[in-house]
Amino acid sequence: MTTATTARAEIRTAWNPRRYLGGAWRHPFARAALKALLTIFVTTTLTFFLIRLMPGSPVELKIDELIQTANGALTYDDAKAIASSLFAIDLNAPLHEQYLSFLWNILHLDLGTSFLSSGTTVTSIILAVLPWTLFSVGTGLLLSFVVGIGLGLLAAYRRNSQLDRVLSTAASLVSSVPNYLIALLIILFLGVQFRVINFTAMRGAYSSGIEPGFTPQFIGDIFFHASLPITIYFLTQIGHWILSMRSATLAALEEDYVTAARARGLSDGRIRTAYVGRNAVLPLVTQLAISIGFIVGGAAIIEQIFAYQGVGLRLLAAVNQRDYPVIQGIVLLTTASVVIANLAADLLYSKLDPRIGRAGGTAG
Amino acid sequence: MSTAVLARPTLAQRVAAPLAAMLEFLRLLSRRPVGLIGFIGITFFLFLAFVAPLFVPLQNDPSLVDIYLTPSLAHPLGTDFQGKDVLNQIVYGGRPILIVAILAAFVSTIIAITFGSIAAIVGGRLDTAILAITDVTLTLPKLILLIAVAAILRPTSFVFLAVLLGLLQWSSLLRQVRAQVLSLKERDYVEAARSLDLGLFHIVFREILPTMRSYIAIHFMLAMTEAMYAQIFIIFLGLVPVSGSNWGIMLYFAQGQGALFFRDSIWYILSPIIAISLVQLSLVWFASALEDIFNPRLRGA
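Those sequence lines, one after another, are chains B and P. Residue 139 in the working numbering sits at position 138 of the first sequence, with consecutive numbering throughout. Residue 147 in the working numbering sits at position 79 of the second sequence, with consecutive numbering throughout.
You may find that some hints are simply not true.
Which residues of chain B face chain P? A partial, calculated answer using Cβ under 7 Å [unchecked claim]:
1) Ala34
2) Leu39
3) Arg273
4) Ala275
5) Ile302
6) Val320
7) Ile328
8) Val332
9) Val339
These are calculated hints, taken from the structure and not from any lab test. For each residue, glycine too, the CB sits at the ideal point set by N, CA and C.
Work out the full structure, taking the sequences as your base and the hints as a guide.
See below:
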């Protein structure tokens, strides 16, 4: 073995974990990924403690319920064993072991089985409904983002004109009325008072007679059934994008580089898109990430109002049936998908803004 | 510096200064019609929720012959599925909603201000930790969590409901408070207070927060709108045990009793929808007018 000094030098040059990890930490992707993992971990832990440890927790409730329905034929331990198998945990094991095995199961996407339809795994239940929510929410959000950014840019360029006033007022009107009230108004006026829309035909994710597949009829049918939820997601988000884009554009217009670009004689169109538009959109991408979580949560009530077969409707059904494994599974998987969507937005942001990749810090 | 400045202000001066500020504020507000509408709307609904119930007798007896009446002199907004007067429910149904919204906004604002300014002033590891927690809660699908938590805990008391709502929505305000404090703490008067060793508490609550008053007021109102949204959200879904009557419970029954699909019941359903929307709109419009007034960078032009 060599002396201490050479060993230290070796560590510094050849393999210094702090140096590599420090470098990785500065990388925006590593930061975003770590944040995503942390978020999922926090939700998982929160759900674990909520379901198992709260006084009058679902596990205890289930044990009581089992004993009562069995009319004394079941001892407490038997009931506990049944509850254990239903929750896919060993209730007799120490808490930390329960927690670790819970994490282990989640890593294998094993979220237990539903209380009500025995044998059906929670994962399969969620996978049947999650795509519909992600589809309708994603479409509504992207549409509102694109249209809202266009209109916001327009409003900013026509600042204080009649058009700007109408757009801004309409935007704040539409974004401050809660989305479920807009949904109720649509049913109330278009469905009941004037009977323009036939709601019963639009229930569910697609019509029962149609064969799922990549046929034009099926895709058309999917959009027909999703049209009202998409409209609501579009309406509730668009106001926000118009107003944010308007103020971001106004701020960007004041920047020196815009004046410099004008002085260089660049065309208005080029300044508008490459200089003002691009810089104004940047902070909105971060907001896009945040609104994904909000809109997925809001989807629960919209899906209930329109009877659209998504995650939210399934979650509410599970809540009413006190089907706790399904509740837990839906909370975990929706959080995971929201977090992954966020991760994608973060990556997009660092691609759009080269400063972030180089400097290693995040703006704001 | 003249001695007049250093002398204690007389009573007249003490009254006159805020009065002048108030008049100036009203003058600025009157130039913004949308903000003025918001201000009037907030005043109206505060009056409706907290003063009007003192003068209007509660009519809570169901009358089965008067179901879904259209508006008349006796029932200006018609009647509901039990034959109860809708206007009376609107008058009495605002207070519980507004109290919970105000409490929840209070909880979230306190959390955001306390931890946001601590993060900004102390800095270092604590700042990183607080920011990490904030980032995590910011991205969570909070309404989904709210459904799950409400389903398991069944919030029966309105204080508990308010705290629950407040705990879910402090994150974005915290980030903004932190950013504000970070820029304010470099100012000379904060430096002066620090060099006098006046302590963290004094610096935050006496030096920094007073300059952020308008900012906090704006965010308090926006937090109220968020709390109202989430509150009516879970009431409408039936996750809060139904007791008494409020605008959310009216909607819950309108949906549950199928009144939504009954043509004559339109006044019954529209009333809470309009009331909730108007409160939300007033808050948002007034808040944006305030932002316009207190943020000189955006003013003018």
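Each hint tested on the structure:
{"no.": "1", "hint": "Ala34", "in the structure": "violated (13 Å)"}
{"no.": "2", "hint": "Leu39", "in the structure": "holds (6 Å)"}
{"no.": "3", "hint": "Arg273", "in the structure": "violated (19 Å)"}
{"no.": "4", "hint": "Ala275", "in the structure": "violated (24 Å)"}
{"no.": "5", "hint": "Ile302", "in the structure": "holds (6 Å)"}
{"no.": "6", "hint": "Val320", "in the structure": "holds (4 Å)"}
{"no.": "7", "hint": "Ile328", "in the structure": "holds (5 Å)"}
{"no.": "8", "hint": "Val332", "in the structure": "holds (5 Å)"}
{"no.": "9", "hint": "Val339", "in the structure": "holds (5 Å)"}
Taken one by one, the earlier hints fail for this structure at numbers 1, 3 and 4, listed in ascending order.
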